[in-house]
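So the protein sequences, as listed, match chains X and U.
2 is the number of the first residue of the first sequence in the numbering used here; add one for each residue after it.
1044 is the number of the first residue of the second sequence in the numbering used here; add one for each residue after it.
Hints listed in this document are in silico derivations from the structure and should not be mistaken for laboratory results.
Computed from a predicted model, the values in this text were never measured in an experiment.
You may find that some hints are simply not true.
To be verified - Computed spacing ranges between beta-carbons, pair by pair:
#	chain 1	residue 1	chain 2	residue 2	range
1	X	46	U	1051	36 to 46 Å
2	U	1073	X	28	49 to 59 Å
3	U	1115	X	25	20 to 30 Å
Unchecked claim - Partial pick of chain X residues on the chain U-facing surface, computed with a CB cut under 10 Å:
#	residue
4	11
5	28
6	29
7	35
8	45
9	50
10	54
11	58
12	75
13	101
14	102
15	103
16	104
Heads up, the beta-carbon is just placed ideally off N, CA and C, and yes, glycines get one too.
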Amino acid sequence: SQKIEQNSEALNIQEGKTATLTCNYTNYSPAYLQWYRQDPGRGPVFLLLIRENEKEKRKERLKVTFDTTLKQSLFHITASQPADSATYLCALVPDTGNQFYFGTGTSLTVIP
Amino acid sequence: NAGVMQNPRHLVRRRGQEARLRCSPMKGHSHVYWYRQLPEEGLKFMVYLQKENIIDESGMPKERFSAEFPKEGPSILRIQQVVRGDSAAYFCASSPEGQGAGYTFGSGTRLTVV
């Protein structure tokens, strides 16, 4: 069956360090993959999109990699700040169909 | 640009009542999606609509749930005869024409069935 797994444990890191979050998937053929941020009581906010033929994408302090051989995406936040504390969701978009498939998210806390 | 507007933010219904959740997409967005989020679970797709058309309702429960996106007005997710298991956060998202874009989500409606 199809499965998307994100870091099962909450991630705590020191301010200024790089946070790395993982998204592993099985039995999908994603056309592209997206990362979202979700704060408590709010809807997810779109951050980055990476296509299957792209290895890496950057946006300010954010970097996403996509390895279709390993079936994995890594999401990095460099020079992390307490304001980066949130839950981060990955979403796969298959090459057919209309829906996005979301992981359960990883809770990140950046400690001042 | 007000973004995706959902109302109400919180909705409490007794078992057996009807729940109506509304969603106004971002200006210029013609695609609307509804997702449900249960505690400790990921967002689960329910339905994808364009104006006056249901494009994909493969995630909708077979009974009691319906959705529409009329020519005028917001998209409506309707749950009839609610049960406790319907308690969840319901998110609406919109996107512009075509694939390759991220969704813009609303802040959600938190439905509690008592």
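Cross-check of the supplied hints:
A hinted range of 36 to 46 Å for the beta carbons of residue 46 (chain X) and residue 1051 (chain U) is inconsistent with their spacing of about 21 Å. In this structure the hint that residue 1073 (chain U) and residue 28 (chain X) lie 49 to 59 Å apart at CB is violated, the actual value being about 31 Å. Hint check: residue 1115 (chain U) to residue 25 (chain X), Cβ distance near 44 Å, so the stated range 20 to 30 Å is violated. Checking residue 11 (chain X) against chain U by beta carbon gives a least distance of about 12 Å; that is not within 10 Å, so the hint is violated.
Annotation: residue 28 (chain X) was flagged as interfacial toward chain U, and the flag is violated, the nearest CB pair being 16 Å apart, outside 10 Å. Annotation: residue 29 (chain X) was flagged as interfacial toward chain U, and the flag is violated, the nearest CB pair being 14 Å apart, outside 10 Å. Nearest Cβ of chain U to the Cβ of residue 35 (chain X): about 6 Å, under the 10 Å cut. The hint holds. Nearest Cβ of chain U to the Cβ of residue 45 (chain X): about 5 Å, under the 10 Å cut. The hint holds.
Nearest Cβ of chain U to the Cβ of residue 50 (chain X): about 6 Å, under the 10 Å cut. The hint holds. Because the closest C-beta pair between residue 54 (chain X) and chain U is about 13 Å apart, greater than 10 Å, the hint is violated. Checking residue 58 (chain X) against chain U: minimum C-beta separation of about 12 Å lies over 10 Å; hint violated. With a least beta-carbon distance of about 18 Å to chain U, the hint placing residue 75 (chain X) at the interface is violated under the 10 Å criterion.
For residue 101 (chain X), the suggested interface contact is upheld, since its CB lies about 7 Å from the closest CB of chain U, less than 10 Å. Evaluation of the residue 102 (chain X) hint against chain U yields a held restraint, the C-beta minimum of about 8 Å falling below 10 Å. Hint on residue 103 (chain X) holds. Least Cβ distance to chain U is approximately 4 Å, under the 10 Å limit. Taking 10 Å as the C-beta contact cut-off toward chain U, the hint placing residue 104 (chain X) at the interface holds, the least distance being around 6 Å.
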